[in-house]
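Peer 1: Just need the whole structure built from these sequences, with the hints factored in.
These protein sequence lines map, in sequence, to chains A and B.
All residue numbers for the first sequence refer to this note's numbering, where the first residue is 1 and numbers rise by one.
All residue numbers for the second sequence refer to this note's numbering, where the first residue is 1 and numbers rise by one.
For the record, the hints were derived by calculation from the structure and aren't laboratory data.
Please note that the accuracy of each hint is not assured.
[As the list claims (entries may be wrong)] Cross-link-like lysine-lysine pairs, in silico, BS3-like; alpha carbons within 30 Å at most: (1) B:K161 / B:K123; (2) B:K161 / A:K9; (3) B:K123 / A:K9.
[Stated by the list, open to error] Ranges of calculated distance between the beta carbons of each label pair, as one might list FRET restraints: (4) A:R22 / B:E15: 43 to 53 Å; (5) B:Q82 / A:V66: 57 to 67 Å; (6) A:F63 / B:R80: 24 to 34 Å; (7) B:R79 / A:R16: 22 to 32 Å; (8) A:R12 / B:K161: 32 to 42 Å; (9) B:E91 / A:L38: 35 to 45 Å; (10) B:R83 / A:F63: 48 to 58 Å.
Quantities reported herein were computed from a predicted structural model and do not represent experimental measurements.
Beta carbons are placed, not taken as given, at the ideal position from N, Cα and C, and that holds for glycine.
The lines below spell out each chain.
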Amino acid sequence: MNLEMLRQKLMRAGRRHPPSTRVPLAFEQRILALVRALPSDPLRDWGTGLWRAAICSIGVALFAGVWLGRPLVGTEGSLADAADTEVIEAALIEMPEADLGSSW
Amino acid sequence: MVAAVLQGGTERFAELVRRYSPRLFATGRRYARREDEVEDLVQQIWVRAFQNLAKWRGDAPFEHWLMRIAVRVCYDQLRRHQRNREHTITELDSEETGWLEQHAVAEEDRGNDQAAARSLVTKALEQLSPPARLILTLLELEDRSVREISQLTGWSVPLVKVRAFRARAEMRRVLARLGMDKYL
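Peer 2: Right, here's the structure in full:
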């Protein structure tokens, strides 16, 4: 028998008898009174507010981006169409009348 | 329930306290002997849990998160206590020496006179350094795995293993210092 075996024997004895789980009477009321009396941390409150505001701002920015992006695509298309029309009109003006008559 | 507390329902916090306090008191009694010290420890755990409740993400059970706080509060208490206490050599009483005379050399464990054995364990653990006491309590008294201890303490798995090895050696030295080796 050596010290290590004695140590293991003592630890086994300790393991066989776990400590009591008894809770003092009305302990939760005491904790509630304690947490209600806690002073609020202005720095933490400010940080929490800032974080929430940042999330809201990102949401608004994403929504606005999507909303403004859609008409922009449409505008690009209509601009291209307008440019094509302009080229066709210019070509028609430059064409001689005889050519027009023969083709129609 | 946690969401309700976060939205300002402090009353709902009482339900959490009622549900998990028995477990916390059992944990506190492993690290403090006097009942007023145990109550103070559990109060500290609940206050810290309340202040950090918004950090609980819900991906792990609430009890695991709470036990991590409990282990850290108990460890802080052990370190504070060690800084403040005077180093004393504890004497063994007659019941403890009686247990050692009867059981130290016996091959098998007997169930009788366990109060003396428990008292010997407490005395030996009180002489250990805070990391050694914490690791032996979690590993050998609460029968937790190395991985669990790593999650509870925030120490890496290799560090837990190294500290467990050192803690066992430290406890053997404490047993010798308490004079238990003469019963072998």
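Peer 1: Does each hint hold? Answer for all of them.
Peer 2: Against the structure, the hints come out as follows:
no., hint, result
1, B:K161 / B:K123, "holds, 24 Å"
2, B:K161 / A:K9, "holds, 21 Å"
3, B:K123 / A:K9, "holds, 15 Å"
4, A:R22 / B:E15: 43 to 53 Å, "violated, 19 Å"
5, B:Q82 / A:V66: 57 to 67 Å, "holds, 60 Å"
6, A:F63 / B:R80: 24 to 34 Å, "violated, 52 Å"
7, B:R79 / A:R16: 22 to 32 Å, "holds, 29 Å"
8, A:R12 / B:K161: 32 to 42 Å, "violated, 21 Å"
9, B:E91 / A:L38: 35 to 45 Å, "holds, 43 Å"
10, B:R83 / A:F63: 48 to 58 Å, "holds, 56 Å"
In summary, the structure is inconsistent with hints 4, 6, 8 from the numbered list given earlier, while agreeing with the others.
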